[in-house]
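Engineer: Note that the protein sequences, when read in sequence, are chains A and B. Residue numbering for the first sequence follows my numbering, starting at 142 and increasing by one per position. Residue numbering for the second sequence follows my numbering, starting at 24 and increasing by one per position.
Source of the hints: derived by calculation from the structure; they are not laboratory data. Hints are not guaranteed to be accurate.
[Claimed, not checked] One-sided excerpt, in silico: chain A residues whose CB lies under 8 Å from chain B:
1. 205
2. 212
3. 242
4. 247
5. 270
6. 371
7. 372
[Said to hold, decoys possible] Ranges of calculated distance between the beta carbons of each label pair, as one might list FRET restraints:
8. A:400 - B:491: 33 to 41 Å
9. B:557 - A:404: 25 to 33 Å
10. B:221 - A:215: 33 to 41 Å
11. A:397 - B:714: 55 to 63 Å
12. A:240 - B:97: 25 to 33 Å
13. A:318 - B:97: 43 to 51 Å
14. B:577 - A:215: 29 to 37 Å
15. B:650 - A:306: 53 to 61 Å
Built from N, CA and C at the ideal position, the CB exists for glycine as well.
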Amino acid sequence: MNRVLTAVAGLAVGTSVLAANAAATPTAMPAPIAAHDGEGELYKGIIEKVGPAMVTIKMVLKLEGMGDEAQDAEVTGLMIDPKGLILVSNTMIGGMMKQFTITPTNIKVLFDDDDDGAEGISAKLIARDSELDLAWFQIDDAKAQDKTFKAVELTSGAAPAMGDTIYTPRRLDKFFDRVMYISEGRVGGLTTKPRAMVVPSGFQVEPGGPVFGADGKLVGFGAIILPGDDDMDVNSFREIYGRTGPLILPTGEIKSATDRAKEIAAKVPAEEPTPAATPAAETPAEAPKEEPAP
Amino acid sequence: MRTYFFGTVGLLATLASSMMAGCQNGAAGGRSMARVSPDVREAIADARDRVFPALVNVEVVTLEYAGGKEQKNRGTGSGTILSKEGYVLTNAHVTDKGKRFWCTLSDKQRIPATMVGEDPWTDLAVIKLDLSRLLAGTELSTGSLGDSNTLTVGDYVLAMGSPFSLSRTVTLGIVSNTERVFTSAGTGQVDEMLLNWEQRTGLFTNWIQHDALINPGNSGGPLVNLRGEVIGVNTRGGSGMAFATPSNMARQVADALIAQGDVKRSSIGASFRHLQNTGLSEGVLVDSVDADGPAHAAGLRAGDVIRQIAGESLTVRFVEEIPPLLKQLADRPIGGPVEIVYDRGETKGQTVTVVTEPLRRDRGDEQALRTWGVTVQQITNRMAKEMRLSSTRGAMISSVRSGGPAANAEPSLGWGDVIVSIDGKPLEQIGDIVQRYEEVDGLKEKPEYVLIEFERGNKNYVTLIKPRPEERPDPPAELPKAWVGIATQPVLRNMAEMLGHPDQRGFRIMRVYTGTNAAKAGLEVGDIVLTLNGEKLEPRGIQDAGALTRAVRRLSIDSSATLSVLREGKVIDVPVSLERTRIEPQEAARARNADFELAVREITFFDREDYRWDETVSGVLVESAEPAGWAGLAGVRGGDLIQKIGDHEVKDSASFKRAMEQIGKDQPGRVVFVVFRGSRTYFRFAEPDWKPTTEVEPKE
Chain A
142 MNRVLTAVAG LAVGTSVLAA NAAATPTAMP APIAAHDGEG ELYKGIIEKV GPAMVTIKMV
202 LKLEGMGDEA QDAEVTGLMI DPKGLILVSN TMIGGMMKQF TITPTNIKVL FDDDDDGAEG
262 ISAKLIARDS ELDLAWFQID DAKAQDKTFK AVELTSGAAP AMGDTIYTPR RLDKFFDRVM
322 YISEGRVGGL TTKPRAMVVP SGFQVEPGGP VFGADGKLVG FGAIILPGDD DMDVNSFREI
382 YGRTGPLILP TGEIKSATDR AKEIAAKVPA EEPTPAATPA AETPAEAPKE EPAP
Chain B
24 MRTYFFGTVG LLATLASSMM AGCQNGAAGG RSMARVSPDV REAIADARDR VFPALVNVEV
84 VTLEYAGGKE QKNRGTGSGT ILSKEGYVLT NAHVTDKGKR FWCTLSDKQR IPATMVGEDP
144 WTDLAVIKLD LSRLLAGTEL STGSLGDSNT LTVGDYVLAM GSPFSLSRTV TLGIVSNTER
204 VFTSAGTGQV DEMLLNWEQR TGLFTNWIQH DALINPGNSG GPLVNLRGEV IGVNTRGGSG
264 MAFATPSNMA RQVADALIAQ GDVKRSSIGA SFRHLQNTGL SEGVLVDSVD ADGPAHAAGL
324 RAGDVIRQIA GESLTVRFVE EIPPLLKQLA DRPIGGPVEI VYDRGETKGQ TVTVVTEPLR
384 RDRGDEQALR TWGVTVQQIT NRMAKEMRLS STRGAMISSV RSGGPAANAE PSLGWGDVIV
444 SIDGKPLEQI GDIVQRYEEV DGLKEKPEYV LIEFERGNKN YVTLIKPRPE ERPDPPAELP
504 KAWVGIATQP VLRNMAEMLG HPDQRGFRIM RVYTGTNAAK AGLEVGDIVL TLNGEKLEPR
564 GIQDAGALTR AVRRLSIDSS ATLSVLREGK VIDVPVSLER TRIEPQEAAR ARNADFELAV
624 REITFFDRED YRWDETVSGV LVESAEPAGW AGLAGVRGGD LIQKIGDHEV KDSASFKRAM
684 EQIGKDQPGR VVFVVFRGSR TYFRFAEPDW KPTTEVEPKE
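Make the full structure from the sequences, and use the hints.
Structural biologist: Below, the structure written as structure tokens:
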């Protein structure tokens, strides 16, 4: 019984138990790694900067041509334009299965400061890039017509080098109120074929998860790049990503694809405001400037 | 195709019973066809000729409820025409949940039919042929119901029907047992058989067991004696054994169904056990009493031994005697008094008067509330008991559509939840919820939320659902990129050597797509692309197969590129105007038609290339046609290219929508689809049933 209790206590307060054990057996256990100076501030800075732009998108994924098969989905997206352009992983919205057509419907964007039970605001999927594992949603809700959203600018710092420390902010599940946290790792490798990508080491990146460098600049996004029709004799993606999880697609490539997506977004008309709709009277939030994290 | 076959437990029990029966009734064992006399052969032929003309193949389109929506399915069975008015006797499990019926007569005419009545307790049903659809001069043949009490073990019988839909099939066998009941392994009690999992059936039946071969599709078909009389309705089978409902029971049920659409039966709310192994010698043991039933109200309790019912003494020693007892009670007038004399312990000969109540169905009706994404079911007494509900009030959710408003509500609605009020208005039964749903669904300005109060377990919840139609946006477009209309394979070092140019690796053109800028630029199959805009392309392995395509995609659409190609030993520069990537099938515009349950998409460039269709071929490709939908029943299926619907040429999704819209307005009795499949065209004839249904898919 005592063992069970110890295990449960360890699960609940893992770090403290580790520290206590280390103190009890100093020769057997390595000393706990102390946080780097300023690391806590760096984490907080990333969360403060990126958090408001990391939105939750709820949708229903419909499988075309197969009766009415549908499935609920919830993904995290990154607002990359104050006008409501959101970047997500195409894989996460069913885009990886080329033999099927999966269409997101009933798309709702939820924000950090939404009240409980808020339905969010509506958006449209304007384009997807199966080659780069990217998809773009554009908020098109009449209620948000003139609203400015907090966004992360798609500019990258210096090209990542082997061994650089990198950080990815994530959101926990709804059960934990989608609270943000940071995972830290290093650049473990760099690919050139089929395209330039960063291999994370020490942690796994989520598809569509933004990755930052120590300078607070965007390094890229987690992506599952799959063999295309022109690729011959390539193993399945499970084997490709079995060891590493998604790789990191550099920001530069994402930016040029996004510029094309923006051209499409510019052509998407917003819904006409209805008399019942809330006028866009909320104070527009200024888009945060790209600043290095503290 | 519907015929009930037994599961393992039931089969084992049945086999055991059959073996015992075989010992008791071994007279049939020595017969063989070699010893069948010419007289018998003649009798078989006569019997066949008497009943065959009245035999029909029954086709059914059913409406089932799953996944928060209605779902059509198809089934087939067999039946016998009973009268010149066109009444057809079949099984209730053939017609169960049926919405449309057709009968194929012995002269091959396929005639629509309508439901007259179903009796799930005996698994019998009657449908009626639409006589106006018979060819002029058609004289309906009818089957004659004989007296099943005259059957004896060993009698020859013929099973007629449509096994596996193979119409007008006859098989020969003998009667194996005339009072078969199905018992649970171990307990020796009557096994409770269910019709479609929820409805008890066969309670009153002593089955005719025989060995004339039946298979799925024989259900509802006649079992015929050598006098050419229908003496049973084939209902169940498996492992070479078949079971028919006796004709005497079928006659009584069919008469009631034809007269009043149902069979009215009484219940006293008690079940019984035969006396074998009980130590008792007279009467019948009351096995259980429903707490809210008439028997309980009158004072009967489990463990009592009934000695007399309505003045008649009874003793039920064996399990085969249970169905007749149940039938005797069920046949009593509803609401009438029944005097019962019983013993309880040492107290003998007590009398109670039980006032019967109607025997109600176990399973409640269902409805789909499409825009809410749920199906709901009427709660019956039995359902309430089995689900430990406090009453039959409200309607139970029988399924939920993933991603629909009910599934997305917080808290979400799920199977087994009982909706008891909507927007504060209490609901008594399913009709109330359907009425409220239709009111909301019919509003031009839908309310933002509907307040649902529901019960789950012993808790009372409220939730909000947003009544909204399903969205059906076009599939998302791929981000357009630059493209050259060629398909290539990498030429690696070894291959380059074999081709006679060891130092010139590159990409060999396998295909030049017709009508593209690549074709206009003069690129040819066999050319080896060495450079793109002066940059050398040197694939090192098969993993570089897509490198040329990727390099092109990084360029600007509508710009030009120069490909240096090796052709017949010479390197030449080919300038090509780049174009945007072509639309893939996943991105093609789509259209749906809810009436015909048909989903189509437009032809893409790559479809034309793959099928070798030139520009003269037009139409829309069928993505899905629900098998039991109007189009599916007509034989339209996935992959067909619809080129014409009625008089409407179909070239794209817009013309498809226009055609279907017009057909929806005209509501013709027959719609002809001209489809291209493989290398030829086919005509497909749909017969829409334009009656409105509760579930109406919102118009797009």
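Engineer: Against this structure, judge whether each hint is valid.
Structural biologist: Status of each hint after checking the structure:
1. 205: Hint on residue 205 of chain A: holds, closest Cβ of chain B at ~6 Å, below 8 Å.
2. 212: holds (6 Å)
3. 242: The hint holds - residue 242 of chain A has a Cβ within 8 Å of chain B, the shortest such distance being about 4 Å.
4. 247: At about 6 Å, which falls below the 8 Å cut-off, the nearest Cβ of chain B leaves the hint on residue 247 of chain A intact, so it holds.
5. 270: With Cβ-Cβ at 4 Å, under 8 Å, it holds.
6. 371: It holds, given that the least Cβ distance between residue 371 of chain A and chain B is near 4 Å, below 8 Å.
7. 372: Holds. Min distance 4 Å.
8. A:400 - B:491: 33 to 41 Å: holds (34 Å)
9. B:557 - A:404: 25 to 33 Å: Holds, at about 28 Å.
10. B:221 - A:215: 33 to 41 Å: holds (35 Å)
11. A:397 - B:714: 55 to 63 Å: holds (56 Å)
12. A:240 - B:97: 25 to 33 Å: Distance hint for residue 240 of chain A, residue 97 of chain B holds at roughly 27 Å.
13. A:318 - B:97: 43 to 51 Å: holds (49 Å)
14. B:577 - A:215: 29 to 37 Å: Holds: the Cβ-Cβ distance is about 33 Å, inside 29 to 37 Å.
15. B:650 - A:306: 53 to 61 Å: The hinted range 53 to 61 Å holds for residue 650 of chain B and residue 306 of chain A, with Cβ atoms some 58 Å apart.
When each numbered hint is compared with the structure, no violation occurs for any of them.
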